[in-house]
Amino acid sequence: RPARSPHPMHKLIRLLFVASLLALASARSRSRSRSKSRGGRNRCQVPNCLRCTKGNSSACETCRIGFAMTDDAQCDACTDNCRTCSVAGPASCDPGGCHKAHTLSDGQCLKCAAHCNKCDEAGPGGCNECGPGRMLEVRLEVHGEVHECHKCGYGCKSCSMEVGCVACNAFYVLMPDGHDCGFSWMRVGGGVVLALLLIAGCCYCCLEEEEEHHRPRARPRDTAEVVQENDDGALRRRGSGRPEASPNHKGAYPLMPGYDGIEITEALPGQQEKQDQ
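In case it helps, mature numbering (1 follows the signal peptide of the UniProt record, and there is no 0) puts the sequence shown at residues -27 to -1, 1 to 250.
It cannot be assumed that every hint is accurate.
Here are the simulated distance ranges between beta carbons [unchecked claim]:
hint: 1; residue 1: G117; residue 2: D79; range: 17 to 23 Å
hint: 2; residue 1: I172; residue 2: D49; range: 53 to 59 Å
hint: 3; residue 1: V161; residue 2: G137; range: 51 to 57 Å
hint: 4; residue 1: G96; residue 2: P68; range: 16 to 22 Å
hint: 5; residue 1: T57; residue 2: W158; range: 25 to 31 Å
hint: 6; residue 1: P20; residue 2: E114; range: 45 to 51 Å
hint: 7; residue 1: E34; residue 2: V146; range: 31 to 37 Å
hint: 8; residue 1: S131; residue 2: D45; range: 31 to 37 Å
hint: 9; residue 1: D79; residue 2: L(-6); range: 23 to 29 Å
hint: 10; residue 1: G163; residue 2: V139; range: 19 to 25 Å
hint: 11; residue 1: I172; residue 2: T57; range: 35 to 41 Å
hint: 12; residue 1: A(-9); residue 2: E114; range: 25 to 31 Å
With a Cα cut of at most 27 Å, we get these calculated DSS-like pairs of lysine-lysine [what the hints assert, rightly or not]:
hint: 13; residue 1: K73; residue 2: K124
hint: 14; residue 1: K84; residue 2: K27
hint: 15; residue 1: K73; residue 2: K91
hint: 16; residue 1: K91; residue 2: K124
hint: 17; residue 1: K27; residue 2: K73
hint: 18; residue 1: K91; residue 2: K27
hint: 19; residue 1: K73; residue 2: K84
hint: 20; residue 1: K124; residue 2: K84
Treat the hints as calculated values from the structure; they're not laboratory data. Please read all numbers here as calculations on a predicted model, not as lab measurements. From the three backbone atoms N, C-alpha and C, an ideal C-beta is built for every residue, glycine too.
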């Protein structure tokens, strides 16, 4: 089957992913440098030491991964590709202490076959677990079993010899043959539409806040207040005192000094006839 070249969109996604990983690694490096600068003179002085003994910055208590403690409380490197060892130096790695994609043989960590994560024997033919995008094939030959890793189909993330493609990469869908994955423009379009809707919603909220901020506020209207008084004689007959003017409401103009307001009185019948004449 002829090999297909990766889709341009697939390359772009990979580049963005690698760029984000590089930015994260740079941020961690700066954080570590700042933490080291804060340590000052109290920091452990032993190279490759994770923690020194209390009160002695020249004697290590715990070494970093890939290093072992010496008799003089220093840290020396284990054998190559080894994570944990009891004694520093070559051919000294502990069982199960090798790095990923390596196997232990006579105290040394030897590399597995290409694209293999775990193996019992170094070199080709001894793989037990393949890396991403690969499937394990086990076949019996004259000299014994052979374990090899084969590449999955186009756009396939994980696969097996029995089923074929199990999961596709992002923006890919499984093809009818069950082995390859095809690029899905529908998924890309759906992602773009969703991103545009989110951006439009954010812009709409920002515009609403900006419009509310610049919208002129309504000024309170001026109001006038009229004080109503009853006839003093009528009030005395009813046993009531002289009514007081109600307090000014918010926004009302205060009355001029010496002016009590507008007085409204009821004329008696005789007074009304005199006024009419």
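Results of checking the hints against the structure:
Taking 17 to 23 Å as the suggested C-beta distance range, the pair G117 and D79 conforms, at roughly 21 Å. Range check, I172 to D49: Cβ separation about 56 Å, and the 53 to 59 Å hint holds. Between V161 and G137 the beta carbons are some 24 Å apart, a value that contradicts the proposed interval 51 to 57 Å. For G96 and P68, the hinted distance range of 16 to 22 Å is satisfied, since their beta carbons lie about 20 Å from each other.
Taken as a hint, the range 25 to 31 Å is violated for the pair T57 and W158, whose Cβ atoms sit roughly 49 Å apart. Taking the beta carbon of each, P20 and E114 are about 49 Å apart, inside 45 to 51 Å as hinted. Here the CB-CB span from E34 to V146 is close to 55 Å, at odds with the stated 31 to 37 Å. A hinted range of 31 to 37 Å is violated for the C-beta pair S131 and D45, which are about 49 Å apart.
As the Cβ distance of D79 to L(-6) is approximately 38 Å, the hint placing it in 23 to 29 Å is violated. At about 23 Å, the CB distance of G163 to V139 agrees with the hint of 19 to 25 Å. For I172 and T57, the Cβ-Cβ distance of about 50 Å falls outside the hinted range of 35 to 41 Å, so the restraint is violated. Distance hint for A(-9) and E114: a CB-CB separation of about 45 Å, inconsistent with the stated range 25 to 31 Å.
This hinted pair checks out: K73 and K124 have alpha carbons roughly 20 Å apart, not beyond 27 Å. Between K84 and K27, the direct Cα distance comes to roughly 39 Å. Violation of the 27 Å bound is thereby established for this hinted pair. For the hint pairing K73 with K91, the CA-to-CA distance comes to about 7 Å; that is within 27 Å, so the pair holds. In summary, the hint linking K91 to K124 is supported, as the alpha carbons are separated by about 16 Å, within the 27 Å threshold.
With a CA separation close to 34 Å, the supplied pair K27 and K73 exceeds the 27 Å bound. As the CA atoms of K91 and K27 are separated by approximately 40 Å, the hinted pair breaks the 27 Å bound. Taking the CA atoms of K73 and K84, the gap is about 9 Å. The hint holds against a cut of 27 Å. Restraint check: the Cα-Cα separation between K124 and K84 comes to about 19 Å, which is no more than 27 Å; the hinted pair holds.
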